[in-house]
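Order-wise, the sequence lines are chains S and U. Residue numbers for the first sequence follow my numbering, beginning at 1 and rising by one. Residue numbers for the second sequence follow my numbering, beginning at 177 and rising by one.
Only true hints are included.
Dumping the calculated DSS-like pairs for lysine-lysine here, alpha-carbon to alpha-carbon at most 25 Å:
no. : chain 1 : residue 1 : chain 2 : residue 2
1   : S       : 150       : U       : 353
2   : S       : 99        : U       : 371
3   : S       : 9         : U       : 220
4   : S       : 74        : U       : 480
5   : S       : 18        : U       : 207
6   : U       : 220       : S       : 8
7   : U       : 227       : U       : 204
8   : U       : 363       : S       : 138
9   : S       : 141       : U       : 371
10  : U       : 314       : S       : 115
11  : S       : 6         : U       : 207
12  : U       : 204       : S       : 9
13  : S       : 18        : U       : 314
14  : U       : 603       : U       : 220
15  : U       : 475       : U       : 512
16  : S       : 19        : U       : 314
17  : U       : 204       : S       : 8
18  : U       : 363       : S       : 150
19  : U       : 364       : S       : 150
20  : S       : 39        : U       : 254
21  : U       : 207       : S       : 19
22  : U       : 358       : S       : 150
23  : S       : 141       : U       : 364
Rather than coming from a laboratory, the hints here were simulated on the basis of the structure. Since this is a predicted model, take the numbers as computed values, not measurements.
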Amino acid sequence: MPSPKKFKKFRDVMDEIKKSGAAIYLDPAGAEDLVVLSKYEINYIHSYAEDSKFFLGLTNGKLLGSVCKKCKRKYGTPRGHCMECGSATDWLELPLVGKVHSWTTCYFGSEEFLKETPFNLAVVEFEGIDTLFLSRLKGVKQQDIYTGMKVRANFREDPKFLVSDVYFTPEGMVEN
Amino acid sequence: MATWIDDYAGMKNQSKRNVYVVSGGVTKFAKAHPSMDFRLMVKKAFDYAMKDCPKLRLKDIDSSRISYFSDHFARQLKAASMVQDYLGLNPKDSRRIEWGGATGGQCIQAGWETVASGRSDLCLVAGFETMSRVETWKGNEFIALASDTNFDYPVGGFYTGYYALMVQRHIYEFMRKTRFAKIKDEKKAQDLAIKEAMRIMALVSVKNHTNALHNPYSQYPMKLTVEDVLKSEMISYPLNRPCICTMSDGAAVMFLASEDVAYNYTKNPVLISGVGCGTDTMRLSDRPHGEVMLLPWEKKRDYKGLRYPGVHSFRAGRQAALEAYSHAGIKKDPKKELSFIELHDAYASSEIQTYEDLGLCKYGEGYDFVEAGHPFLKNIDYGLDLQTSGTVPVNPSGGLIACGHPVGATGIMQGVFAFWQLQNSIKKHFGNSKLQIKNPKRGLIHSHAGTGSSVTVTILEAAS
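Just chain U, same shape as in the assembly (with noise of 0.2 Å):
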C-alpha cells in the first residue's frame, strides 16, 4: 500500500489547465416537489447561477455534464439529454454521471476533467434527483438495488442496516477496546460501548440539524439535544431517525471555468485545487483486513494491531483523500490546513468514520474529535458544553442529515455551498452570515456511495 502522498498520485493528475468554480445555484431541497419536475428544478437551479453571474450567456457553455443517481425514481431514462433540451443548450457536448451516492461529487470531478484537459473552456456541473416518486420504503429498496443483488440486497436490502452493520465494528474496534477495555464482561463493555457512541453521534446529529437553522436550502432544520436524538425512533441499531439523512427532491449546478476565461465571469472565482476518488469493494463481506494506507503525517506503529480497513472504516475515502491532497499541496494536519469541510453524513456515524478517513484525526479517534468540539461552528450555540470549537467546522450547511439527499444534487449542493463560503457569498445567498467561514482559504468537498464503495473528495480555494 501506499504511504507517502509525494509517491503517490504525485503529480499525474496535476491539471494542463487551472479550473475554476464562476457561479452556482441550489434548489431548496424539501421531501416533494410536485409542482417541478427534474427538468424544472435543474432550470431553477440554473437561472439562479446564470443571475448571480450576468456575464454568463448561454452561448458560451461549451458543455455539460448532468448527473442523477437512479433510473428507477427518474423512471426516464436518458433524463440528462431531456435536462439539456429543456436548458436551451443543444446541440452541444453533454453525458450523464452516474456513481451512486457519489454521483454528485463525480459529476463535479467529470466538470473538471472536461475543462482541465482543454475540451471545454466553460462547463455546466448540473444534477437532480426526484425521490419523492415513490414512498419511503420503496425508495430504500431502490437505494438498496446499489448493493450486490445476488449476495446482499435479498438479506435484507436496507442501506441503513448495512451503515449500522459497520459502526457497530466501528465501535467494537474503537470505543469497547479504548474507553471500556478494563470491563472484563464482554456482553456489558459491548452494551456501555454501543451507548457511549450513540451518545456522541447524536452530537453530531445535533451540530447539523442546528446548522441547518441558519440555511434556508435546507430541509431539516431543528433545534435538538442530544436527549431528542438518543430517545427518537431505532431504524437500524444503533442508528435512531434523527442520525439517518432523508430521501428529498432537488437539484443544484455548478459553472466551471478554464483560467483563460474565469476572470471574465467574476472577480473572485473559486479555483478546483484537488481531486481525488477511491473505490472499494461492493459487498462489505469482501473488505480486506490489512494495513492502514498512511498519510504521511502518520506512523505505522499508530495502528498496532488494526486490520484495515474491515467493515469499520472507509479505504476509499481515505485513498480519495490521499489522491486529492497531494494535487492540492496538502502535507501536514489537514485540520490546519483546511477553512472546512462539507461531507457526505448520510448518517451520523459515517461523517464520523469519515473524519478518520480524511486524516482530521487518527483512525479510532472520531468519536473524541466530536465531544473536543473540532467540527462544531465557533459562533452558533448548540446548548452544548464543549471544550473547543471550530477547529475546521464539519458541515456547516447541516450536511445531508439536515439539508437532505437528492442524491445526484447532493455533491453538487456541497459545490455550491462551499463556493459561497470561499466567495464569503453565504449572507447574500442565505439571507444571514450565521454559516460564513471567516475568512476561509480552503474548503474541502466529499462524496460517497455504496457501503463506501466510491468516494470522491475535491479541494477548492478562494483565488488569492
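Chain S on its own, in the form it takes in the complex (with noise of 0.2 Å):
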C-alpha cells in the first residue's frame, strides 16, 4: 500500500483526509505525524420529559411559561420547579407579543446553523412575567432591530418539535 500523501500545510492535510481519509503532516520540528479522518455519528433518543408540553404547545400555536405553585413567580420560559422556592409550577399560557429586551445578529454560527446565517437573536419580554424566552427574530435586517421593539410570536406550519418551531417578528409586519 502507497504511503499516504505529505503535506507541509496543515490545512493542505485537513483537505486530503476528507478524500482520501488519511495524510501525512511534515510539522516544522522534523517529525511526519500521520493524522487520519475519525468519524462519529450518534442518534439520541431524546425524551422532553417535564418539558413536552410546552413542543407540543407550540404545535397548537400556544406559547407556554409557566408559574410557580407557591411563589406565583412567572416564567417566560417553561421550568417544572421554581428556581426561587423550588416548589412545583403550573403551566401558563403566555400572551403572543412582546418587546424585545436584547438582540444580536449572528453572521457565523455552529456548523449546524451555519447554512442559515445571517439570522437574528432576541430575548423577549412580556408584559407581566418575571423571566425573558430567547427566540429568533425574523423579517426584519440588523440595522432595524432596537431593543423596546414590539414583536409576535409566529409558529412553523411544518413543527420539527424544536423550540424553533416559534419564532418572532416584527409586531404588525405579518398578516397573522
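Need the complex rebuilt from these two chains, each delivered in its own frame; the hints are there to steer you.
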C-alpha cells in the first residue's frame, strides 16, 4: 500500500483526509505526523420529559411558560420547579406579543446553523412575566432592530418539535 | 441578598492549612499541535514545571487534579486517567475536573481544597484541551452544547451570539441611558450607543493583543489599532473577530503545596490567599431582575432603578468575587488592593462586564474604566492617548483574546502567569521583562463559564 500523501501545510492535510482518509503532516520540527479522518455519529433517544407540554404547545400555536404554585413567580421560559422557592409550577399561556429585551445578528454560527446565517436572535420580554424567552427574530434586518421593539410570536406550519418551531417577527409586519 | 463581606462568606472557607503555588508550566498555545497528543502536551508543561523547581521529585506528588472541558473534543473518555498514567503518577489519588469555560479555575480550587484539607501535601493541577481536532464551526457547535439543548441550542447554538445578546443589553443599560440619555429618538440613541461601546471594546482588544507581543506563549500577538478592530469581520453584532477569543490546543500545570513543605521546594512560593466560586442560571433568559449584590464599599443608592443581574451582568462573577475578597481580607477598593488581574476575556465585552462584577468600578462604569486607562500597562506603547495608565493592569499576558483559549488549560495558564508575576520571574520565563509588574503583592485570576453560569475567582499573594 502506498504511503499517505505528505503536506507541509496543515490546511492541506485537513483537505486530504476528507478525500482519502489519511495524510502525513511534515511538522516544522521535522517529525512526520500521521493524521486520519475519524467519524462519529450518534442518534440520541431524547425525551422532553417535564418540558414536553411546551413543545406540543408550539404545534398548536401556543407559547407556554410556567407559574410557581407557591410564590407565583412567572417564567417566560418554562421550568418544572421554581428557582426561587423550589415549588412545582403550573403551565401558563404566555401572550403572543412581547418586546425585544436584547438582540443580535449572527453572521457565523455553529456548523449546524451556518447555512442559516445571517440570522437574528432576540431575548423577548412579556408584560407581567418575570423572565425572558430566547428566540429567532425574522423578517427584519440588523439595521432596523432595536431594544424595546414590539414583536409577535409566529409558529412553523411544519413543526419539527424543536424550540425553533416558534419565532418572532416585528409586530404589525406579518398578517397573523 | 448578602451585602457585607464579613457577614457573607466570613470565616467559613478559611483553610486549615495555607496552600502555596511552588511551580508552573505552560505549552505555547496554538491553533493545532499535530505533533503532540493531549498526554504529551501535558507532559511538556509538567516537565517544564519540574525542571523549574529542581527539588520537586515525582515521588513527592501526592495527588493530581486534571481538567479538560469537553469529551467531544477529546473523543477519549477518561482522558484525565490517561494523563495520570502518562505522567507516571499511578497509583496515586487523582480525579478529573470539568466546569465548562471555568474548568481550569475550578481545577486550581480543587487542588487547593485537596491540600488545604490536609489530604495531600503536594498536588499537581493540570489542564488541557485539543480543540483543533474538529473544524472551527464544528468546534463552536461543541461549545454551544454547553447551553440548554432543549431551549437555547436549537435557536442558534452559538456562544458568540449569546454574549452579543448580553452585551447589547449592557450597552442599553449603561451607554444608551448615560452618554446618550438626552437623545429622544430611541433608535438613533441606541445606534450611537452601540457604536460608542464598539469603539471602547476595540480598546480592550488593542490592549490584550499588544500585551501579547511580549508573551512568547501567546497565540495571536498583534499590533492593532482601534480602526483595525472596527473594520474587522463581524461575527455576532456588535462583536467582531478581534474582540473574540479563538480555539486552541494547549496545556498548563501548577504544583500546589502545603505550608509544611512549600519552602522545601522554593524560596519564594506564592500563597493562595482567597478562593471564591459563583453560579447562575444556565439559560440567560432565566436570570432574575432584582437587586445588586453589594460589595462593602457600595451603597444601595448607587444602583437605584437597576434591575440585576438581568442579562447584562454576571451575578456568578460578583458572588465569586465576594467570597474570594472575604477570604483574602480585601475590604476596600480592589483597584488599590490588587497589583494585577488575569480575567476570562473570552470576549472584549465580557472583560468590561467583569470589571464591574469584580468591583474594580461600579456597575455601569466599565466603559469609563477602560477609556481612563486603568487596565492598561504603564510601560507599553499602545498607540493610544490614555488619561492614566496601569492603576490595575488587566490581562497583562494578553488574556484569552490574544493567548488563545484551550478551555481546560486556560484557567491554569492564568494561574501560572500570575505565579510568575508574583515570583518576579516573568523575564526568566518570557525571555523579556516587558510585562513584569513592578513589585506585585497580590494578583487575581478569574475563570468564567457558560452564559456566565459558573465563575471562579482566586487570589494569589507573593510570600512576604
